[in-house]
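**Q** With chain A held as given, fit chain B onto it using these hints.
Chains as they are written, first to last, in the working numbering: chain A, 254 to 365; chain B, 10 to 124.
What the hints contain is simulated information worked out from the structure, not anything from laboratory work. You may find that some hints are simply not true.
Quick list of in silico lysine-lysine cross-link-like pairs, DSS-like style, CA-CA up to 25 Å [stated by the list, open to error]:
hint	chain 1	residue 1	chain 2	residue 2
1	A	K255	A	K295
2	A	K344	B	K51
3	B	K66	A	K295
4	A	K298	A	K332
5	B	K87	B	K66
6	B	K87	A	K255
7	A	K295	B	K92
8	A	K344	A	K295
9	A	K344	A	K255
10	B	K51	B	K87
11	A	K295	B	K87
12	A	K298	B	K92
13	B	K51	B	K66
14	B	K92	B	K51
15	A	K298	A	K344
16	B	K92	B	K66
17	B	K51	A	K255
18	B	K66	A	K344
19	B	K66	A	K298
20	A	K298	B	K51
21	A	K255	A	K298
22	A	K295	A	K332
Bear in mind the structure is a predicted one, so any value in this text is a computation, not a measurement.
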Amino acid sequence: RKEVEQDPGPFNVPEGATVAFNCTYSNSASQSFFWYRQDCRKEPKLLMSVYSSGNEDGRFTAQLNRASQYISLLIRDSKLSDSATYLCVVKSSGTSYGKLTFGQGTILTVHP
Amino acid sequence: EPEVTQTPSHQVTQMGQEVILRCVPISNHLYFYWYRQILGQKVEFLVSFYNNEISEKSEIFDDQFSVERPDGSNFTLKIRSTKLEDSAMYFCASTPGQGAGYEQYFGPGTRLTVT
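Bound-form chain A, shown alone (with noise of 0.2 Å):
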């Protein structure tokens, strides 16, 4: 089993549209959690870190779930300039010195 998956979509929505994207992670001892946003080509980027009580910035909410150990991510009102990819990343715990696990990445268009 994949330490994190993520449906890789493409996700092709309309301006305006709401969009939600999965993830589950097999490692149970796993820490902290984070959604980063990658363009073509760029390197990651934090987008927000996903806590147990879910968390919400501006029109992007993040969930965590950890009996099931899934994430998502949820974007209201969709603008072409969130088109991009969106990786699940885990950071691990104990005697790991804040190693990163990322997933494949779910691409995300959204067009006019």
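**A** Same frame as chain A, but now just chain B:
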């Protein structure tokens, strides 16, 4: 805003040659990382570095790879004898701490092409 920088942006080399990829992490950061991303694939962890030594490395990081922080500001990744399959984007990252609340900041990457 401080940022991680990497040079060169693109490196072309022949198979069997040595390459050194350079990174300047954010100045007050203590933990440093290299990741790579083969075209069309996921970002993969290579190595973490703290207190002037490797703290963790992946299976990819074999004897052909080495890292160094030669002067307190630069952080380098050396590939001793490049292979075709080393062609990838190499990202450097740094963070001030490695607990739950600390973000890793990524550099813009070096595209390595091995011919």
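**Q** Against each hint, give a clear statement of whether it holds in the structure.
**A** Results of checking the hints against the structure:
Under the criterion of a C-alpha separation no larger than 25 Å, the hint pairing A/K255 with A/K295 is consistent with the structure, at around 24 Å. For the hint linking A/K344 to B/K51, the alpha-carbon distance of about 15 Å falls within 25 Å, and the restraint holds. In summary, the hint linking B/K66 to A/K295 is supported, as the alpha carbons are separated by about 24 Å, within the 25 Å threshold. With a C-alpha separation of about 18 Å, the suggested pair A/K298 and A/K332 falls inside the 25 Å cut-off, and the hint holds.
A distance of roughly 14 Å separates the Cα atoms of B/K87 and B/K66; the hinted pair therefore holds under the 25 Å criterion. With a C-alpha separation of about 29 Å, the suggested pair B/K87 and A/K255 falls outside the 25 Å cut-off, and the hint is violated. A C-alpha spacing of about 23 Å is found between A/K295 and B/K92, which places the hinted pair at or below 25 Å, so the restraint holds. At most 25 Å may separate the alpha-carbon atoms for a hinted pair to count; A/K344 and A/K295 meet this at roughly 21 Å.
Of the supplied pair hints, the one linking A/K344 and A/K255 holds, its CA atoms being roughly 15 Å apart against a limit of 25 Å. Using a Cα cut-off of 25 Å, the hinted pair B/K51 and B/K87 holds, with the two alpha carbons roughly 21 Å apart. Among the hinted pairs, A/K295 with B/K87 is consistent with the structure: their alpha-carbon atoms are about 22 Å apart, no more than 25 Å. At most 25 Å may separate the alpha-carbon atoms for a hinted pair to count; A/K298 and B/K92 exceed this at roughly 29 Å.
Simply put, B/K51 and B/K66 have alpha-carbon atoms about 17 Å apart, close enough for the 25 Å limit, and the pair holds. Straight-line distance between C-alpha atoms of B/K92 and B/K51 comes to about 19 Å, which keeps the hinted pair within the 25 Å bound. This hinted pair checks out: A/K298 and A/K344 have alpha carbons roughly 15 Å apart, not beyond 25 Å. A distance of roughly 19 Å separates the Cα atoms of B/K92 and B/K66; the hinted pair therefore holds under the 25 Å criterion.
Proposed proximity of B/K51 and A/K255 is supported: the alpha carbons are some 12 Å apart, at most 25 Å. Taken as a hint, the B/K66 and A/K344 pair is honoured in the structure, with Cα atoms around 15 Å apart against an allowance of 25 Å. Simply put, B/K66 and A/K298 have alpha-carbon atoms about 22 Å apart, close enough for the 25 Å limit, and the pair holds. A distance of roughly 14 Å separates the Cα atoms of A/K298 and B/K51; the hinted pair therefore holds under the 25 Å criterion.
With a C-alpha separation of about 22 Å, the suggested pair A/K255 and A/K298 falls inside the 25 Å cut-off, and the hint holds. Proximity of A/K295 to A/K332 is assessed by CA-CA distance (about 19 Å); at most 25 Å being required, the pair is judged to hold.
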